[in-house]
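**Student:** What follows is the residue order along each chain.
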Amino acid sequence: MIFNQTLYVHWKAARWLLLPLVLLCFGLPQLMLRMADTIAGTSGGFDSPSAVFLVVVQGWTPVFPLLALLIGSALALTAWSWDHRGDHVYALSLPLHRREYALLKFAGGALLLVLPVAAALAGILSGLLMSQLPAGLQAYPVAFTGRFLLASVIAYAVVFALAAGTMRTTLIVVLGTIAVLVFGSLLMIFLQDALQRPELWTPLDVFDAALNRWPGPFHVFGGSWLFIDV
Amino acid sequence: MSERLSFRAIALYGVMLFSAMPLYAQSEVVRPRTVAESRALLNARIDSLLPLYHSAATARDSARAARTDSLRAARVVPLDTVAVGPFLVVGTRGSVRATRPRFEEAWQRLEPRLGAGTAQPLQGAVFLVEYGARSPTLHDLENRPGHQRIWFPEWRGTEWHRRLAAAAAGRPITAALPEDVRRWLGGGTIDEQVGAAYAHRQLRLSTDPSAPQCLNGDTSACLALLGLNAQIPSTPQSRADMQLRIHLLNHALTHGGAGSIERLALDDPSTAAERIAAAAATDIHGLVSGWILHVRAAEPDVWAGLGASSVTTVFWTLLFIGLAARSTRWRIG
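Chain order of the listed sequences is A and B.
For the first sequence, my numbering begins at 1 and goes up steadily by one.
For the second sequence, my numbering begins at 231 and goes up steadily by one.
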């Protein structure tokens, strides 16, 4: 019962932000397939139509991790926005421990994540129905959707944890991270020049490594995001 | 007193005028000049100024040139040169330091494969390296014989840099190969790094009817696909075709090991296929059979890493939920 109410409140807070993202999840795969189909159909050059198709798909691929990041962040921020606005009075009035409340909220948001992920799957499937893949290429909608779901969940979890704290804590963490990334990188670039050691890692390099390498939290963002491949 | 002074002044003035009168009488009679005379006079004056103008222009040009030279000199960054095997790597200290390991890797790979005869092309090769920012100084050196300018974009990873260094080192060697092998490569270079997964993709996407048979292990189909079934090898029909040929050649060189490039360049074998087989120290069917197994093993897998990602995502998500459940916000009062 409380879960339903939590979910309803979250839905009310998130729906207008979620709507364009759901539409993007549904529309982008179709647009991408249509574009790849058109470009591959009109290219008569050095490369085969299948190779051109794959190159176009590969070009669009970075959009989807970004979209997953946006979806996770939007849902996480809207999970706590009403609590922050109402000074947590509503939450304090509930007969719940803080951890139970946080879990309920998290579960509600995770359930809402299903919407854009399902939209992405539906978008890919309908796109595949409307266009014919060139010879040699296959679709992998399930693997892609799995990756998209994992990326959305981890982005949601990170921002959820940040947004659960006070605004002050969130600001300290976010601004601190940005400061370390920006000023640390500037300092390292200066040191690289001064010491003539360009191979030294900047905080951005470290962040990038954390993003792509196992067992970093963002490992899923570094894998293959192709839903069309050989 | 003052009246006497003014009288003296007037008298002095009068005397001066009177004494100047004969001089005035000797001067030319002043009369208005005609237009032609004025023009001639002006022309003469302009002509008299021309040498001055020319010398001023010369001085201005040399001042400008000196300023340009000084600006260029100010921009010149000292260059470092390091020897890697038989070739030189030239660039700013930072560029050389960053790219030297990539050239060392390329040389370590090439050195055992090169025999005494084929080491020559790399002798005297100079790689002008730019890591990150472009250098105008290196631009001036680029046109010298044997010099190659290679830009290593900083934002590209090590793997990309490795490919650039390998392609650069492979270029002089390729240029020294027999003509039929070069034609068969169609602009590709020895040691150019082509991934097996990429080769697999290209093989799967090839429109050539022999590609599926080749992928199924039919070596004759592979030879036809790669243009090695005829006495005179065909040139690549597409970029993918070229990349496949480079991949096969690299496989042959790896398989052949020591002296493989030297054997590739020998005059003895008559066809490109025989040369490549000689480089691999095997027969051409055996080589292609091994190559296709290698390519098939590198089939791209979109599911790869998804299991590991699932584990990390669950772990980190639980950790972040734990962090979210801890709060200072509710400790009111």
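Warning: the hint list may mix true and false statements.
Stated by the list, open to error - Pairwise CB distance ranges (calculated):
no. : chain 1 : residue 1 : chain 2 : residue 2 : range
1   : B       : 279       : A       : 195       : 56 to 62 Å
2   : A       : 209       : B       : 377       : 32 to 38 Å
3   : B       : 443       : A       : 178       : 23 to 29 Å
4   : B       : 484       : A       : 174       : 46 to 52 Å
5   : A       : 211       : B       : 556       : 22 to 28 Å
6   : B       : 496       : A       : 206       : 47 to 53 Å
7   : B       : 464       : A       : 195       : 35 to 41 Å
No wet-lab data here; the hints were simulated from the structure.
For every residue, glycine included, the Cβ atom is placed at its ideal position computed from N, Cα and C.
**Student:** Please go over all the hints and tell whether each is borne out by the structure.
**Tutor:** For each hint, the structure was consulted:
{"no.": "1", "hint": "279(B) to 195(A): 56 to 62 Å", "verdict": "holds (59 Å)"}
{"no.": "2", "hint": "209(A) to 377(B): 32 to 38 Å", "verdict": "holds (35 Å)"}
{"no.": "3", "hint": "443(B) to 178(A): 23 to 29 Å", "verdict": "violated (56 Å)"}
{"no.": "4", "hint": "484(B) to 174(A): 46 to 52 Å", "verdict": "holds (49 Å)"}
{"no.": "5", "hint": "211(A) to 556(B): 22 to 28 Å", "verdict": "holds (25 Å)"}
{"no.": "6", "hint": "496(B) to 206(A): 47 to 53 Å", "verdict": "holds (50 Å)"}
{"no.": "7", "hint": "464(B) to 195(A): 35 to 41 Å", "verdict": "violated (52 Å)"}
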